[in-house]
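> Take a look at the letters that make up each chain.
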Amino acid sequence: EDQVTQSPEALRLQEGESSSLNCSYTVSGLRGLFWYRQDPGKGPEFLFTLYSAGEEKEKERLKATLTKKESFLHITAPKPEDSATYLCAVQGPSGGTSYGKLTFGQGTILTVHP
Amino acid sequence: DGGITQSPKYLFRKEGQNVTLSCEQNLNHDAMYWYRQDPGQGLRLIYYSQIVNDFQKGDIAEGYSVSREKKESFPLTVTSAQKNPTAFYLCASSIGGSGSPLHFGNGTRLTVT
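Line by line, the protein sequences give chains R and Y.
Take 33 as the starting number for the first sequence in our numbering and just add one per residue.
Take -18 as the starting number for the second sequence in our numbering and just add one per residue.
Mixed in with the good hints there might be a few duds.
Straight-line distance between alpha carbons at most 30 Å, and here's what the computed DSSO-like set of lysine-lysine pairs gives [said to hold, decoys possible]:
(1) K133/R with K101/R
(2) K74/R with K133/R
(3) K89/R with K51/Y
(4) K91/R with K133/R
(5) K74/R with K51/Y
(6) K52/Y with K74/R
(7) K64/Y with K91/R
(8) K74/R with K(-10)/Y
(9) K133/R with K64/Y
(10) K(-5)/Y with K64/Y
(11) K101/R with K38/Y
(12) K52/Y with K133/R
(13) K64/Y with K101/R
Covered stretches of chain Y, going by a simulated chain R footprint (3 or more residues, C-beta under 8 Å) [said to hold, decoys possible]:
(14) 13 to 23
(15) 75 to 89
Hints listed in this document are in silico derivations from the structure and should not be mistaken for laboratory results.
Note that CB positions come from ideal geometry on N, CA and C, so glycine has one too.
Just chain R, with the same shape it has in the complex:
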């Protein structure tokens, strides 16, 4: 069974204090690893897709990296508006259908203080 574990559960940073969020996963045949940002009371907002170990993607202050066992979301010089819950999900094999099941982690709640 596919599993996704995100750590830490919550992270409090000062504005400008860089850090990383971790997403550890087990899946038989990764088809994609996804990062989302979710604000309170809203739906998740798509950030990145990573497909293979060694791949990196960047968007403003965020950089996502991928190894065979985990992904990191690095946040450089965060601002208060980066405060949100960050979700990680992996897509495994389709098992004979064209749908590859997504398994989501529980998320990391990031709070950035001014």
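Mind docking chain Y on chain R? Use the hints.
Showing chain Y alone in chain R's frame:
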């Protein structure tokens, strides 16, 4: 702007009543999904549809039903058989296929008392 519209944002029902949550997308996506989100848990898949007039059960389909009569629409009915219906419900769509990301609506918070 293209996107996914869920309505209503908040929904209150009495126990024993069926309720239908609306989801409409104008992204021209083939695949649509319903997820449930509870505090402290990852998103859990209720139903998904890859094409009009076809849908499959997800991990927690008991007590729920769906229809897909139009490409743009994928309504979810929460029936009285669902034991713990109070939750945040999220609809999503994707172009389908391997590695394509899901795009989510802003959810419907259902409270059943």
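> If a hint holds in the structure, say so; if it doesn't, say that too.
Going down the list of hints, with the structure as the test:
1. K133/R with K101/R: 18 Å, holds
2. K74/R with K133/R: 23 Å, holds
3. K89/R with K51/Y: Violated - the C-alpha atoms of K51/Y and K89/R are around 35 Å apart, more than 30 Å.
4. K91/R with K133/R: 26 Å, holds
5. K74/R with K51/Y: The hint holds at about 25 Å.
6. K52/Y with K74/R: 24 Å, holds
7. K64/Y with K91/R: 41 Å, violated
8. K74/R with K(-10)/Y: 10 Å, holds
9. K133/R with K64/Y: Within the cut-off at roughly 24 Å; holds.
10. K(-5)/Y with K64/Y: 13 Å, holds
11. K101/R with K38/Y: Status holds; Cα separation ~29 Å.
12. K52/Y with K133/R: 21 Å, holds
13. K64/Y with K101/R: 36 Å, violated
14. 13 to 23: It holds: at least three residues are needed, and the segment 13 to 23 of chain Y offers 3 whose Cβ sits within less than 8 Å of chain R.
15. 75 to 89: holds (count 12)
In terms of the numbered hints stated before, the structure departs from hints 3, 7, 13, listed from lowest to highest.
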